[in-house]
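Model the full assembly from the supplied sequences, consistent with the hints where possible.
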Amino acid sequence: MSDEQISLPFFAIVLLVSGLIVRYLFFSGPRPERPPARTAEQIFRSREVAVQRIQQMFPQVERRSILWDLQRNGGNIQSTTERILSGRLETPPVTFQPPPPRNQTPPSGSPGPAAKQAEKPSQPDLITRYNLKSKITDDTATEEKKEFEEDKKGKGWSSNRDERQSALQQRRDEMILAARRKMEAKIAAEKAAQGSS
Numbered sequence: 001m002s003d004e005q006i007s008l009p010f011f012a013i014v015l016l017v018s019g020l021i022v023r024y025l026f027f028s029g030p031r032p033e034r035p036p037a038r039t040a041e042q043i044f045r046s047r048e049v050a051v052q053r054i055q056q057m058f059p060q061v062e063r064r065s066i067l068w069d070l071q072r073n074g075g076n077i078q079s080t081t082e083r084i085l086s087g088r089l090e091t092p093p094v095t096f097q098p099p100p101p102r103n104q105t106p107p108s109g110s111p112g113p114a115a116k117q118a119e120k121p122s123q124p125d126l127i128t129r130y131n132l133k134s135k136i137t138d139d140t141a142t143e144e145k146k147e148f149e150e151d152k153k154g155k156g157w158s159s160n161r162d163e164r165q166s167a168l169q170q171r172r173d174e175m176i177l178a179a180r181r182k183m184e185a186k187i188a189a190e191k192a193a194q195g196s197s
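Each residue of the sequence shown is one higher than the one before, starting from 1 at the first, in full-length UniProt numbering.
Any given hint could turn out to be false.
[Stated by the list, open to error] Using 30 Å as the maximum straight-line C-alpha spacing, the simulated DSS-like pairs for lysine-lysine come out as follows: (1) K133 x K186; (2) K182 x K135; (3) K191 x K135; (4) K186 x K135.
[To be verified] Simulated restraints on C-beta separations: (5) P9 x R38: 42 to 52 Å; (6) K182 x I43: 44 to 54 Å; (7) A185 x E41: 48 to 58 Å; (8) Q169 x E62: 32 to 42 Å.
Keep in mind the hints are simulated off the structure, nothing from the lab.
Built from N, CA and C at the ideal position, the CB exists for glycine as well.
Shown next, in the form of structure tokens:
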């Protein structure tokens, strides 16, 4: 028995079995599953969400231009936003015709400005938003205007945060009321001009 030798095929089998055991014990975890391929519907939905986000930030930019840029950069909202801010957003070619949004039906005729306004959710006017209905009367408004002008002349920029905030809110309210008075005067003048003609 002093002449025992390990044959080459036996040695190869032992190495192979031990390699499989080591791999099984140390490297056999749950394999990460590949995410399922996105369907065209999911891609369209994600693009629409991205367009809505960008249009909330930049309502002046056309939907078609935003979709064109998102298609070119793989749907990256940040790079599209940076291009809009820097003024480098390219105009899409005439051949690029994006599908209409899913939440709207295709228009039967040419949409007018009234149709676009109907799509936007109604928001309260500034008078309602800032609870200025009690200040609408002319007597109260003129008194507050005088008080505001006196406060403005009497005081500079206050170092107290609450005083600054109340002064700015009072100034905002006065600006809103002044704009309302101007608009009412303009509407009255237009009605008078229509009534005389």
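Structure-based check of all given hints:
1. K133 x K186: holds (20 Å)
2. K182 x K135: Since the Cα atoms of K182 and K135 sit roughly 15 Å apart, the hinted pair holds (cutoff 30 Å).
3. K191 x K135: This hinted pair holds, its Cα atoms lying about 25 Å apart.
4. K186 x K135: holds (20 Å)
5. P9 x R38: 42 to 52 Å: holds (51 Å)
6. K182 x I43: 44 to 54 Å: Taking Cβ atoms as reference, K182 and I43 lie about 49 Å apart, which means the hint holds.
7. A185 x E41: 48 to 58 Å: About 53 Å separates the Cβ atoms of A185 and E41, which means 48 to 58 Å holds.
8. Q169 x E62: 32 to 42 Å: holds (36 Å)
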